[in-house]
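Q: Take a look at the letters that make up each chain.
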Amino acid sequence: MKVLMFGWEFPPYISGGLGTACFGLTRHMTEQGTNILFVLPHIKGEKAENSFLDMIAANKVDSSKSRIRKIAPGSKLKYFLVDSPLRPYMVDKTYQAKLEAINKINDRISEVTHRKTTANSVLDLSNTYGQDLITEVARYAYTGGYLGTKETFDIIHAHDWMTFPAGIEAKKASGKQLVIHVHATEFDRSGENVNRQIYDIERYGMDMADRIIAVSHRTKSIIVERYDQAPEKVVVIHNAVMKEAKLAHARMRKGFTEKIVLFLGRITTQKGPDYFVEAANLVLQSMQNVRFVMAGTGDMLPKMIERVAELRMQGHFHFTGFLKGAELESIFSMSDLYVMPSVSEPFGITPFEAMLHGVPVIISRQSGIAEVLTHVLTTDFWDIEKLASSIISVLSHPELAETLAEAGHNELQKISWHHAAREVNNLYKEMLG
Amino acid sequence: MVAVCLNFQIHQPYRLRTDYNFFCIGRDHNYEDSKTNRDITRKVADRCYIPTNRMMLDLIRKHKGRFRISYSISGVCLEQLEKYAPEVIDSFKELVNTGCVEMLNETYYHSLAFNFSRQEFHDQVLAHQDKILRLFGVRPSTFRNTELIYSNDVALEAEKMGFTAILAEGANQILGWHSPNYMYQPDPCSSIGLLLRNYRLSDDIAFRFSDRNWEEWPLSSGKYAGWIHKIAGSGEVVNLFMDYETFGEHQDKDTGILDFFHKLPSEILRHPDFKFQTPLEVVSSLKPAAKLDVPYFISWADVERDLTAWTGNSLQDSAIQMAYSLEAAVKKSNDTNLIHAWRKLLTSDHFYYMCTKWFSDGDVHKYFNPYTSPYDAYVVYINVINDIKETLKQYEVLN
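Those protein sequence lines, which keep their order, are chains U and Y.
Numbers in this note's numbering are just positions in the first sequence, counted from 1, shifted up by 26.
Numbers in this note's numbering are just positions in the second sequence, counted from 1, shifted up by 144.
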C-alpha cells in the first residue's frame, strides 16, 4: 500500500497539534507496512531532521532539479518539501497583518541606530513571506497535479484545508481515491466569522473526497451539519499520544515556590486565552501562592498582556512567547496544573503532553479530546467561576492533583497512535476493496 | 540685555537584556545587557560627547568667559561613562574647571520618583548631588527634574531642598499668553526662580536642523542668531534646553550640526544686547516677571507635554505600581547592590519603552526603543521585577 499524503507541518516545523498528529500517525502507519510519500510546504533555510523518514526535498516542485534523497534506506515514509511560506492556522487576514507588522518592524529596525541586534519578541513575527495565502494554496495544489502524474500510489490523503486543493488535483490526475482528514474546520478557527473562501475550499474538498476522517465526534457533527456531508461518509479517528522518551532534555528548575498554572497554545480566540486570564484573576482573589503562565503566541497576545496589566496581575502572571525544546519540556515539568479553556477545539493534543509530564489537566467541554479522557476536570469554556474554583481545588488539594496526574498518566497508556494508525489503514483497505 | 541660557541633558539608561525570560525569575539576577550598554556608551561618546565637549571647551576659551553653558547628566549615565568612557568624565571636569559651566542637579536614576515616592525622590536627588560634588567638586543650585517633569509641587519641593533655580518646559498649556522668555516665580514659592524652555527655538536645533523638508533648511548660524535677536525688547532670557546627543548622535555630524553650533556664539554675541548665562546666573540677575501657577504635571515629552510618555497605559501603570510597591522591602534589605539594582529599574526609559502611543510621537519612541514592541518591553521588565521580588523573599523582608 502506498499513500500520497499532503500536510502543512511536520516536526521540526511544528507550530501546533497538526504536525504532532501527522508525525504520530504516519510513524505508526509506516510501522504497520504502509508506504507514505509526505508532501509538505517548506521555507528555504529551515532544516529537516527526522531519522525515521525517507526524505524527498524539492526546492521547487516544477523545477527539473527536484531531487530525491534517501536518508534512512528501507524507510517507508518519504518526505517531499515544497518551497512555500504556507503555515498552519494562518488566514489571509492574519497573514496580511503579519506582513504589515513585519514591514513596520523592519522600518523600525533600520531607524534604531542605537542598537544592532536581533530583537527577541514574545510576539514572534518572523518567518513570513509576501503574496497572499490563497495564491500560495493554489501554488501548492499544483504540486498535487504534478505528483499525481509522476508518482505511483494507491490512495491520496490530505490534512486540512490548505492541502485539499492539492489532494483534489492529485485525484484528478491519477484517478485514485481521496481521503481528507479534518483536524479543524473554519468554524473552529473563526467562530461564526468564517472566511468564505476557506469555507468553500473545505466544502469542495469534502464534496470531492471519497471518505472523510474527523478527529472527534464534535468535528464530525460540524462536518455533517455545517458542510452538509452524509454521516456515513465520515469516520471518527481520535488523535493519540506519543509516549516516546521526550523527557530527555535538560530541564530547568523553577526559581520560586509558587505553584504554576499553565496555558500553552496559540493565543487566539479559538483557544480561549481570555477565559484563562479572567479565571486567574478570580483565583488570585482567594489564593496568592500561584503564578499563571501563558506560553505561546498569537494575535490575541497584546490584548492579553494589556488585560493582565490592567488587572494588576503582574506579580502572578507571566508570558513566555513561543516555547520549544528544553524550555517547552521545562514549562511542563515545572507546572502544577494545565488548563485548556478552548472555545472550540476539534481535538486539542496538548493536554496529552501535560499528562505525560504528570501534570493534572482541566479542559473545556468544547474540546474533542474530552471524548477520550475520563481522568480530567472539565468545564464550559465560558464558566470562568467554575474554572477558577476547579483551579483552586487542584492547587489546594494535593491528593486530588495526585489522583488526576496518576490516573491520567495510566489512561494515556491506552491511547496510542498505533491504534489510530490501524484504523486509518483499515479505512484504506475497506476503500480499496 | 537678553540672556541666552543653554542647558544640555545627558542621559543613558541601563538597558535590560531582551532575553530575560520567565525561566530566569528567581534564578538569574543578571538583568542588564552590558554589551549593548557598553557599545552605546562608547558609540555616543565617540560620536557626540568627545567631539562636542572639545568644541565647547574651544568656544569657552575663544570667548574668554562670555560663552557659558550648563549640563544635566544623570547619575546612571555618569556611572556608565566612568566605566566605559572615562575620558569623557575627564573632559567634563575640564569644562567645569573653566568656571563657565554650571552642573545641574536631577534624580540620580533619571526616575519618575517625584510622582510615586517623595522619600525616594529625596534620596535620588541627594545621591546625584553627592555624585556631582565628588566628580566635579561643585554643589548644584539648579534643579532639573527628569524629562522636565514639573508642577507647583515640584518647585515647592526643590525650594525646600535649597535650590535657587528650576527648569521646566515652556508648554503652551501653562503659559497661555505668557512668553517663555522671562524668568517666573512658581506660584507657591517665595525664592526659587523658574526658567521655561523655548521649545520652538530649542527644537529648531534639536529636531528640525537636519530635516530637509523643513522650509528653513538648511539652517545657518547667522539665520538662527537672527531669530534669537528678534527677542530683544520682548524678553529677558531665551532658554535653549536640549539633549546633548543632538550634536553628532541624533543629528549626524555630516548634517553640519557641529559647524553650525561652533559659529553660533559669535553670531549671537555680534548683537551688543545679548549675552550667555547659566541658569543660576539668569535667576540671580533677573527679577521674576510674574507668578506662574502650574497645578498639574507637565514635561517636555511628545506633543502632549504631559506624563503620557511614561504613565497612563495599563502596561506602564502596572509596571510602575509593582516597582514602587517593593520600595520599603528593598530598603529594609540593606543590600546596597540590590537597592542599586532596584533603583536602576526606576529609570523612566523602561516605562517609555512600554508606551503605546504610536501616532505623532511614535517615531521618537521607536528611535529610543531597544524592544520590538511595548509588549516585549513590559514582559521583560515584569520578569526582572519579579526576580527582585523573589530575592526580597529570600531576605525575608517580603512575604
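Quick caveat, the hints were computed from the structure, so don't treat them as lab data.
In this text, all values refer to a predicted model and were calculated from it rather than measured experimentally.
Backbone N, C-alpha and C fix where the C-beta goes; we use that ideal spot for every residue, glycine too.
Treat the hints with care, as some may be off.
Label pairs and their in silico Cβ distance ranges [claimed, not checked]:
#, chain 1, residue 1, chain 2, residue 2, range
1, U, Thr283, Y, Asp479, 17 to 23 Å
2, U, Leu308, Y, Lys187, 45 to 51 Å
3, Y, Asp190, U, Ile418, 23 to 29 Å
4, U, Met278, Y, Asn478, 29 to 35 Å
5, U, Met278, Y, Lys537, 52 to 58 Å
6, Y, Arg356, U, Thr283, 43 to 49 Å
7, U, Thr283, Y, Thr480, 49 to 55 Å
Q: Of the hints given before, which are not true for this structure?
A: 3, 5, 6 and 7
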